[in-house]
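Spelled out from the first residue to the last, the chains are:
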Amino acid sequence: MSVAADAFEEDTPVDEAEVLLVDVDGFEGPLDLLLALARSQKVDLTKISVLALAEQYLVFIDHARKLHLQIAADYLVMAAWLAYLKSRLLLPDPEPMEEPSGEEMAARLAFRLKRLQAMRDAAEKLSDRDKLGSSFFERGMPEAIASDRTMRWGAELYDLLQSYSALRARQFASFVKVKKRKVIGLQEARDRLMRLIGDDATWMPMDTYLTEFLAKPELRATARASALSASLELVREGKLELTQSSNFAPLYVRRRSASLEAKRA
Amino acid sequence: MPDLFASGSNVTSLSPEDRRLHLRMLEAMLFASAKPMSEAELAAKMPEGVTVDVLLHELQTAYASRGVNLRRIGDCWAFRTASDLGFLLQEHKVEERKLSRAAMETLAIIAYHQPVTRAEIEEVRGVSTSKGTLDVLLETGWVRPRGRRRSPGRPLTFGTTNEFLDHFGLAAIGDLPGLLDLKAAGLLNANIPPGFEAPPAFGSEGLRDDEDPLDGD
Amino acid sequence: MPDLFASGSNVTSLSPEDRRLHLRMLEAMLFASAKPMSEAELAAKMPEGVTVDVLLHELQTAYASRGVNLRRIGDCWAFRTASDLGFLLQEHKVEERKLSRAAMETLAIIAYHQPVTRAEIEEVRGVSTSKGTLDVLLETGWVRPRGRRRSPGRPLTFGTTNEFLDHFGLAAIGDLPGLLDLKAAGLLNANIPPGFEAPPAFGSEGLRDDEDPLDGD
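So the sequences go chain by chain: A, B and C. So that you can map any letter, position 24 of the first sequence is 24 in full-length UniProt numbering, and since no number is skipped, the others follow by simple counting. So that you can map any letter, position 138 of the second sequence is 138 in full-length UniProt numbering, and since no number is skipped, the others follow by simple counting. So that you can map any letter, position 213 of the third sequence is 213 in full-length UniProt numbering, and since no number is skipped, the others follow by simple counting.
For the record, the hints were derived by calculation from the structure and aren't laboratory data. Since no wrong hints were added, every one of them can be taken at face value.
Quick list of the computed label-pair ranges, beta carbon to beta carbon:
no.: 1; chain 1: A; residue 1: Thr202; chain 2: B; residue 2: Gly153; range: 49 to 59 Å
no.: 2; chain 1: A; residue 1: Thr211; chain 2: B; residue 2: Ala172; range: 48 to 58 Å
no.: 3; chain 1: B; residue 1: Leu156; chain 2: A; residue 2: Lys216; range: 30 to 40 Å
no.: 4; chain 1: C; residue 1: Pro193; chain 2: A; residue 2: Asp62; range: 32 to 42 Å
no.: 5; chain 1: C; residue 1: Asp18; chain 2: B; residue 2: Glu39; range: 31 to 41 Å
no.: 6; chain 1: A; residue 1: Asp62; chain 2: C; residue 2: Gln90; range: 49 to 59 Å
no.: 7; chain 1: C; residue 1: Gln90; chain 2: B; residue 2: Val127; range: 41 to 51 Å
no.: 8; chain 1: C; residue 1: Thr51; chain 2: A; residue 2: Arg39; range: 43 to 53 Å
no.: 9; chain 1: B; residue 1: Glu17; chain 2: C; residue 2: Gly49; range: 37 to 47 Å
no.: 10; chain 1: B; residue 1: Gly153; chain 2: A; residue 2: Ala73; range: 56 to 66 Å
Chain A stretches covered by chain B per the calculated footprint, using a threshold of three residues with CB under 8 Å from any CB of chain B:
no.: 11; segment: 128-139
no.: 12; segment: 157-165
The beta-carbon is built from N, C-alpha and C at its ideal position, and this holds for glycine as well.
Bound-form chain A, shown alone (with noise of 0.2 Å):
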């Protein structure tokens, strides 16, 4: 619940890195950011120059670079697209495109900008009105007079949806432990290899000496692979061979009679 409750407070940033100058500076991204400087062209929102904004963003942006900021790559976005929008409405149009106009691509900011402000006071119109609770409030005693009671269930869309994404999500982690297979350590393969093999130097498949794991499906790939690369590491210290008569048919393994030799000796 403490997330719920932080959120009535702020929205909490998601991650430490993301938290920038900009940011710091109380911007919830590019389009706040624009309308604070387009406020600060102190004119009716309908008469902004979005060519005067977009230079004031470029030398805004420029500015936090200079000083070595990070910047979140959305304001970076906003500002190759305020570049371009500038460029636009500098140079005569071209020939009619596909794209836009220079000056619809304007007018189509502005319209944002315009409707986030807009959005703004109306969240502090509705913040400003009397409210249940606070200005007006409702009968304190509710007549309920006992007898013959019926029952109502009481539930909310909120809990029905809360249980249901709290039940599922009880499930995703018991989705992962599923996921946690047993593995056969590399380890624990070698030790296996060289002792069941121990002095035997005649050529067996090596899947004689996984039979107890390759019978549980769930286990062949790993102790497979961990027993291949295990006695790679013994071959090439020189105390197993390994040998295979054409790809993918079984392969065998034994002691290196050389070392078996040396042992002797």
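We have chain A; now place chains B and C onto it with these hints.
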């Protein structure tokens, strides 16, 4: 519309506006209070020198013929339903009871996975569902047996009712948020493994291919 | 004392006694319940054929100048104290959890743009909605999923509830402050409305309608 307060004053020393305001103040306080209020309590909130008892009697007279009366209870005052209309409140004494967590979860599973058998519910919840839980849900009227699964034992399948949609303000079962929606709304914190979306919620109407009607047995 | 019900009837087909009884019944039910009651709930308790909405409007007018007002809340009605008397009732004040600026902004967008999808909310705000913001709004009970947009992916749409109207003292969504102005200005559209003027771009060639040439100084 004639005004309740337009005339009949017996407090002549005050301007009509003041008198009107004082009556409104008393009305509001008596309405919002969680218990009957004494004259002293009321007077403490009124401008000095207001004769509360005179005003209260005036209000009492005004409300005497109404659906709600101002009643004197000991030395306190409270609004009460007119006694001849008590029969109307039969349903308001309804006691609202919260569903248990187990019942809420079972309801959610039935809503999202319908048609679903009891064994399937238990599999999703990971615990066996007590008989009482399903009974409670059937009692709410939000859940109903839909049919029988065409599988060994022909178990009953459960689904939701129109009352369920009504209660939760949904136009159709398909309007229940899916897992991605729940996650987007911040309700689901877990990572959703790929391919683990919510099962498609089927309409509560009609039987599925693997279901038989209830009266078929 | 003049009687509230003595005249001004617009239900002439009924006897004055019947009309008076019906008004009393509505008063009693609405006074007894702290929660808003729907017209359907009220009508269910009334004799058949009674036009509840006419009577409710009549009651509303009668109570308009009183300490307690009858408020319409969507398709529901409830008695609430007059908001200018809130100062008397501070002891009943409910501790209100303060919504963050982001949550308030999101709530306003949902209220004014409903039905609205999460992607549309994000488009208006210019940022992705943090996890938990919608969750908090759903938990307040002021916001609910309404349905799904008929577009690719069938995203969930959100809207406000009757509790939202009740809390902010609105009779209907149409009463949201400034709603008509915003609509007229095209600011509730997803797309730029026709005729929304492109603001003058500095340094662009040629004069605009609102400019005069710099003549010979």
